[in-house]
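For this one, chain G is given, so just place chain E on it according to the hints.
These protein sequences, in sequence, are chains G and E.
Quick note on our numbering: the first sequence kicks off at 1 and runs consecutively.
Quick note on our numbering: the second sequence kicks off at 169 and runs consecutively.
In case anyone wonders, no lab produced these hints; they're calculated from the structure.
Treat the hints loosely; a few may be bogus.
Rough simulated footprint, nothing fancy, chain E against chain G, three-plus residues with beta-carbon under 8 Å [stated by the list, open to error]:
1) 36-50
2) 76-88
3) 137-145
So, partial list: chain G residues that the calculated Cβ filter (under 10 Å) puts toward chain E [said to hold, decoys possible]:
4) A61
5) C62
6) R117
Derived Cβ-Cβ restraints for the label pairs, each shown as a range [what the hints assert, rightly or not]:
7) R54/G x A185/E: 17 to 25 Å
8) T165/G x A185/E: 46 to 54 Å
9) G218/E x D150/G: 24 to 32 Å
10) G269/E x S108/G: 53 to 61 Å
11) V331/E x E135/G: 39 to 47 Å
12) R7/G x C320/E: 43 to 51 Å
13) G219/E x E135/G: 38 to 46 Å
14) P130/G x V331/E: 48 to 56 Å
15) C152/G x D270/E: 38 to 46 Å
16) G317/E x T160/G: 44 to 52 Å
17) C320/E x P79/G: 31 to 39 Å
18) P99/G x P186/E: 40 to 48 Å
No experiment lies behind these values; they were computed from the predicted model shown.
The beta-carbon is built from N, C-alpha and C at its ideal position, and this holds for glycine as well.
2 protein chains.
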Amino acid sequence: MTSLRLRAEPLTHEAFAPYGDVIETEGAKHFSINAGTIERFHDLAQVELGGEGRPLISIAACNQATTLPCPVPFVERHPLGSQAFIPLDDTPLVVVVAPAGDEVAPESLRAFVSNGRQGVNYRRGVWHLPLIALEQGQRMLIVDRGGSGDNCEEHHFRDTEIVLTLPG
Amino acid sequence: MTSLRLRAEPLTHEAFAPYGDVIETEGAKHFSINAGTIERFHDLAQVELGGEGRPLISIAACNQATTLPCPVPFVERHPLGSQAFIPLDDTPLVVVVAPAGDEVAPESLRAFVSNGRQGVNYRRGVWHLPLIALEQGQRMLIVDRGGSGDNCEEHHFRDTEIVLTLPG
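Looking at chain G on its own, in the form it has when it is part of the complex:
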């Protein structure tokens, strides 16, 4: 058993581009609507709905907070659709991702921590740690795919002990 320490980096569009979208106003295309009273930051994520899927709007709430450092025993992917998480109470998200593909090398994993106002959208097939939350009660909006078909696969790390940490 080898071990690997995975330190979360600040979440940016550039760094996250291979995995999906960062959902935030900063740097986004925007325009005024409703006589200038509202600014619309437009089309911030590619929602993917394969295999006769339909979009679902759901809310995730944290029953039990995760304390970092924490283990990363496995990752999952959704072969049929994208999956977006947007914080509803300005609380940072910590994510672990690896590129889409049939294999997942532990060395290919990257971790990111958001600034509390950023959401993420995992592109279809991108490997990721199932959702964790740092604060009890923390709420996140989910936009993902509903419909028939097997839309979740897991990859377990049997030979590497991976530990996720925050920066600093």
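What follows is chain E alone, placed relative to chain G:
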């Protein structure tokens, strides 16, 4: 010119059912995921995407707050898709709606005010006041339809002066 005073009622699933969905955890179907650490409040809104539409995720931010009482000179409808607004900072939303249909009688209008944690999803074709916000900087997530086609129609109230007020 006649006048009509429209007082916002508390937003509930029952009262809003003719117009669309209330997006909130209270009263929603839910189940545990990720080894019980997260509760998923599932499939809270019917996202409608007519005419080769695709779902858009956007953010609205308030440039200029609306002070109530305020006039309701017109309402709009989106014949091709639903439109959801979910508050990102626990700030109440005030909405004005009328049933889908080719005519809009001023007497058919109803107004609702949310508790700050509730979002709304307007069903396709439901008449509504364009988005207003009560606080400068207030942010809301939008899930609506992108794609070709004329997806916005307005109805102006020329014979009735409508004033929207908060309860109490």
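Results for each hint:
1. 36-50: holds (count 12)
2. 76-88: As far as the stretch 76-88 of chain G goes, the hint holds, because 4 residues have Cβ atoms under 8 Å from chain E.
3. 137-145: Three-residue rule met by the stretch 137-145 of chain G, so holds; n is 4.
4. A61: Holds. Min distance 5 Å.
5. C62: This interface hint holds because 6 Å falls under the 10 Å limit.
6. R117: Check passed: Cβ of R117/G comes within 8 Å of chain E, closer than 10 Å.
7. R54/G x A185/E: 17 to 25 Å: holds, 20 Å
8. T165/G x A185/E: 46 to 54 Å: The hinted range 46 to 54 Å holds for T165/G and A185/E, with Cβ atoms some 47 Å apart.
9. G218/E x D150/G: 24 to 32 Å: holds, 29 Å
10. G269/E x S108/G: 53 to 61 Å: The hint (53 to 61 Å, Cβ to Cβ) holds, given that G269/E and S108/G are roughly 55 Å apart.
11. V331/E x E135/G: 39 to 47 Å: Between V331/E and E135/G, where Cβ atoms are some 42 Å apart, the hint holds.
12. R7/G x C320/E: 43 to 51 Å: holds, 47 Å
13. G219/E x E135/G: 38 to 46 Å: Holds - the Cβ-Cβ distance for G219/E and E135/G, about 41 Å, lies within 38 to 46 Å.
14. P130/G x V331/E: 48 to 56 Å: Holds, since P130/G and V331/E (Cβ atoms, about 50 Å apart) stay within the stated range.
15. C152/G x D270/E: 38 to 46 Å: Because 44 Å falls inside the window, the suggested range holds.
16. G317/E x T160/G: 44 to 52 Å: Given about 51 Å between the Cβ atoms, the range holds.
17. C320/E x P79/G: 31 to 39 Å: Cβ of C320/E to Cβ of P79/G: about 36 Å, so the range 31 to 39 Å holds.
18. P99/G x P186/E: 40 to 48 Å: holds, 46 Å
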